[in-house]
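Chains as they are written, first to last, in full-length UniProt numbering: chain A, 1 to 354; chain B, 1 to 576.
Please keep in mind that the hints were generated in silico from the structure rather than gathered at the bench. Heads up, some of the hints might be wrong.
If you want a taste of the chain B side facing chain A, the calculated C-beta under 10 Å gives, among others [said to hold, decoys possible]:
| hint | residue |
| --- | --- |
| 1 | THR73 |
| 2 | VAL90 |
| 3 | ARG91 |
| 4 | PRO95 |
| 5 | ASN111 |
| 6 | LEU115 |
| 7 | LEU124 |
| 8 | ARG126 |
| 9 | ARG129 |
| 10 | THR130 |
| 11 | ARG131 |
| 12 | GLY133 |
| 13 | THR134 |
| 14 | ALA139 |
| 15 | SER340 |
Over 12 Å on every C-beta distance to chain B, these chain A residues come out as not near it, computed from the model [said to hold, decoys possible]:
| hint | residue |
| --- | --- |
| 16 | GLY73 |
| 17 | PRO127 |
| 18 | VAL135 |
| 19 | PHE164 |
| 20 | ILE172 |
| 21 | ARG219 |
| 22 | ILE319 |
| 23 | VAL342 |
Beta carbons are placed, not taken as given, at the ideal position from N, Cα and C, and that holds for glycine.
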Amino acid sequence: MSGPTMERAGAAPDRDPAKGASAGSPGPGPQPGSVRLGLGMRIAELAQRQGALVLLIVLCAVASVVFPSFATGANLSSIAVQASFMAVVALGMTFVILGGGIDLSVGSVFALGGVLAAWASQYGFVPALLVPLAVCGFIGLVQGLIIAKGGLAPFIVTLAGLLFARGLLLFITDEGTTTYKVPEGSAFLQLAQGELLGVGYSVWLLVVLFAIGALVLHRTSYGTTVLAIGGQEDAAELMGLPVVRTKVITYLVNGLLAGLGGALIASYTSSGVTVLGVGMELEVISAVVLGGTLLTGGAGTILGTLVGALLLQVIKNVINQVGSLNSNWQAVVSGTILLMVVSIQSYLARSRRG
Amino acid sequence: MTEETTVADDDVSGPGTLRPPGAAPLVQVRGATKSFGGVQALRGVDLTLLPGEIHALVGENGAGKSTLIKVLTGVYAPDGGEFRYGGEPVRFARPADAQRAGISTIYQEVNLVPLLSVARNIYLGREPRTRWGTVDVGAMNRRAAQLVGDLGIDVDVTGELGRLGLGAQQMVALARAVSVESRVVIMDEPTSSLEPAEVETLFGVARNLRRSGTALVFVSHRLDELWQLCDRVTVLRDGHHVHTGPMAELDRVTLVSHMLGKDASEVGAQGVTEFAGKHRHGDAPVLDASGIAVRSRLSDVALQVRPGEVVGLGGLLGSGRSETVKAIYGDLPVESGRVSVAGRNLRAGSVRHALKAGVALLSEDRKAEGIIPDLSVRDNIALAVLPRMARGGIVVESRIDALVETFMTRLKIKAADTGQKVRELSGGNQQKVLIARWLCTEPTVFLLDEPTRGIDVGAKQEVQALIDELAGHGLAVVLISSEMEELVEGADRVVVLHAGRVEAELSGSELSHSRLLTALAGESADPADDGQPAGDDGQPTDGAGQPADGSGPSAGTGQPTAAVRTAAKEEEDGRG
Ligand SMILES: Nc1ncnc2c1ncn2[C@@H]1O[C@H](COP(=O)(O)OP(=O)(O)OP(=O)(O)O)[C@@H](O)[C@H]1O
Ligand SMILES: [Mg+2]
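Chain A on its own, in the form it takes in the complex:
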């Protein structure tokens, strides 16, 4: 509890690994020692930022050797499609967390989006997509306004949002007894079941959304403002950045993306499954943190989140391959890996700083 060590722990900045080596411009005739250290720094930085990526590659490599059915096109594309529902939600969550917030409502909102999509699909493709987006976006907007303008804690506000969305879902499904079906032959089914060049539409959509997300984070002032708010909110305010507007947009988009994820799963399962999304918010947060985003905000990457989401899905898939293992193991393994990755990240961040 001594004062000077009470720095904010685990500053894992979003930096080019190459720069670690060149920080402190090379003096005349750098000693060999400094070169070696530079390389060590690079590896440490890489491991810290891309720990999940390394793990994903290792896991995939091992799984393809051990399970012949793992590396088949069918299995890999099913992993991608199934990861896409959660990954879409994790994209929005990345911005929320980067901005120093949290959103616990996404699991419920996701399920609500699915049910609304299934219900609206009887009126055609466009309503099936727009209704969940409108309702879920509205929930996100309201939460954002309360958090940004009212100054209430995101944890509490979105916990209320979680309960609200779940309640609304139960209301429109008669306590969960009504399951809306997507009409057979509806174009809406193509959204998650159709393919282009052997890759599911939902995966294409995911790739596009993440590309846009990365662009927004690194190349727009909205993105930088999110990072500034998460890094030092007082300073962002004093610098005259639009703090309130940025927060509202972030929660709004997060609601939209949760709704979109729900619509995708409704299309995938051809129905509005009412029991989905329970505890999903935690899985989504795990994906974001695994991807190297600081839970306290201010630093992280979009690509990391994609890797984190894929990693969680691959773990699920591998455990399913081991026929003898109960699927509850998946939670145990995911939790262990999360703990490992985060410990390594914070250890590396601490040894690097100063």
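Model the placement of chain B with the ligands on the given structure of chain A, informed by the hints.
Below, chain B with the ligands alone, put in the same frame as chain A:
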């Protein structure tokens, strides 16, 4: 209140202004009031800013300077008062509005985002765009590099801001403030962490702005700076407006008497610092550090301090002073080196161990490393002594209260009561709280990194007197200060660092203002000596600076003179 001078329409042109007499004021504040709960921070303050003037805003810690700046620029809503900008009545609802109207402010403490790059920080909210409307990162980095280069600081603008020393961060804040054209530039203690060279740069920037008709507000507790730079001055005391007038018409004693509310005769003709002079000290060093190397920051730094001795650490921005004390304290991963306290070796990299051995560090960046803003004044002070104040795990409240009371009075900490949150104190009072915290621990070795940063004249002298007193009790003190007077008058010995190495050591009669200046500039040779100094490897770098080249500072310089020897040399000569 008392001897207020009316300035509204008089000709008040100060030195160096090209402004025509009677120019219309840019900013006019009349009777501004602001209270926080029970604390009345402003009680009717006036401020008039004319185009092309540099206006000093002075007063003791907690007088209301920062609050005035914040109500003017829309951070706080004022309770009352009249605010005019360019003749029109205004109330800015938020800082963004004030900025848009052309008021650029550097708030007290560095208010930037440590995790973002230097360039991002400079251009946050006004990034250059590509024709697609996205942020033009290339152009942003280029312009930022140009901007900081013009300010004479050598930093990698794509690197994280948080890795820079506080002084470099202050210069980045300056770069941000001047990167847009403004009609008013407000600087709340911009020089508190700056070295003489950077201060000069900042003054240059300020004078250029003045020449182009900008109005500037300058807050500083380093009073000498005011006469060098400012045209007029406004003095606040306890939230009251006390005086406004031309800077040149005031002398130091009068100014201080305005600030303190005492008679000029009471203020008296004291020295610049309160240091009494040299200390008597023991022979065997209690702190003995040698061969300390920190990756790309320090190489082979040695430092010995005897009980009762005050050793100053001098050096320019990025010379490695803060790193040296941090390494001793175990707060920085060291590559090699040995630190012992009273003969016992410290475990490298362990703050706990250092604390147990009696080492205390008052760190430079109180915001990041020291203060816990949401805890009370009392808890912040008592934090470090809690373990010792406990009997069988139960904290004895009355003992803590007594201790806290003592330091509150001694250091004149201005707070509503001991339960007030530290974040609500003025900048200088936060610093005093930190000093009090470490004093409570009764350390044997006290490492002080800029202890008087941002605190007012009165308290500064009190802290200086305290340092003397501590040394008198046999404490070993390491003192880092960017104020030369403090080093010259306060320290028995000054070790000068340059680019992460010990460059020189001054003591006794060598320890003078001019000698120190020469040593600081990295000129380790006697002025009479012809050649260029050896340690001169160009610009000092920022906190992440590299060590000097492989050859030692003394290589190639011929004989080190008697006046300035490298510490390594002194070691070879063998003391005694
Ligand atoms: N947010 C706040 N809440 C409560 N009290 C405050 C707050 N901000 C300032 N104060 C009080 O207002 C008074 C004036 O503070 P201010 O920060 O303006 O002083 P200052 O003149 O800038 O001092 P310094 O030289 O130490 O920076 C102080 O007594 C301080 O405790
Ligand atoms: Mg202040």
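Now for the hints, and whether the structure bears them out:
Among the interface hints, the one on THR73(B) holds; its C-beta lies about 9 Å from the nearest C-beta in chain A, closer than the 10 Å criterion. The interface hint given for VAL90(B) is broken, as the beta carbon of that residue sits about 15 Å from the closest beta carbon of chain A, more than 10 Å. The interface hint given for ARG91(B) is broken, as the beta carbon of that residue sits about 16 Å from the closest beta carbon of chain A, more than 10 Å. Interface hint at PRO95(B): satisfied, since its Cβ lies 5 Å from the closest Cβ of chain A, which is below the 10 Å cut-off.
At its closest, the beta carbon of ASN111(B) sits 4 Å from a beta carbon of chain A; the interface hint therefore holds under the 10 Å criterion. For LEU115(B), the shortest C-beta to C-beta distance to chain A is roughly 4 Å, which falls under 10 Å, so the interface hint holds. The interface hint given for LEU124(B) holds, since its Cβ lies 5 Å from the closest Cβ of chain A, which is under the 10 Å cut-off. About 8 Å separates the beta-carbon of ARG126(B) from the nearest beta-carbon of chain A, less than 10 Å, and the hint is met.
Interface restraint check for ARG129(B): the shortest CB-CB distance to chain A comes to about 9 Å, inside 10 Å, so the restraint holds. The restraint placing THR130(B) at the interface with chain A holds, with a minimum CB-CB distance near 8 Å, inside the 10 Å limit. At its closest, the beta carbon of ARG131(B) sits 13 Å from a beta carbon of chain A; the interface hint therefore is violated under the 10 Å criterion. Interface restraint check: GLY133(B) against chain A, minimum CB-CB distance 8 Å, threshold 10 Å, status holds.
Given hint, THR134(B) at the interface with chain A, holds; its Cβ is 4 Å from that chain's nearest Cβ, closer than 10 Å. With a cut of 10 Å, the hint placing ALA139(B) at the interface with chain A is violated, because the nearest CB-to-CB distance is about 12 Å. Using the Cβ-Cβ criterion of 10 Å, the hint placing SER340(B) at the interface with chain A is not satisfied: the shortest such distance is roughly 20 Å. With a minimum CB-CB distance of about 36 Å to chain B, GLY73(A) clears the 12 Å threshold, and the non-interface call stands.
No Cβ of chain B comes within 12 Å of the Cβ of PRO127(A); the nearest lies about 32 Å off, and the non-interface call holds. No Cβ of chain B approaches the Cβ of VAL135(A) within 12 Å, the least distance being about 30 Å, so the stated non-interface status holds. The non-interface label for PHE164(A) is consistent with chain B: the shortest C-beta to C-beta separation is roughly 30 Å, beyond 12 Å. With a cut of 12 Å on Cβ distances, ILE172(A) stays outside the contact zone with chain B, its closest approach being about 40 Å.
Not every Cβ of chain B is farther than 12 Å from the Cβ of ARG219(A); the closest lies at roughly 4 Å, contradicting the non-interface assignment. With a least beta-carbon separation of about 36 Å from chain B, ILE319(A) lies farther than 12 Å from that chain, consistent with its non-interface assignment. Every Cβ of chain B is farther than 12 Å from the Cβ of VAL342(A); the closest lies at roughly 18 Å, confirming the non-interface assignment.
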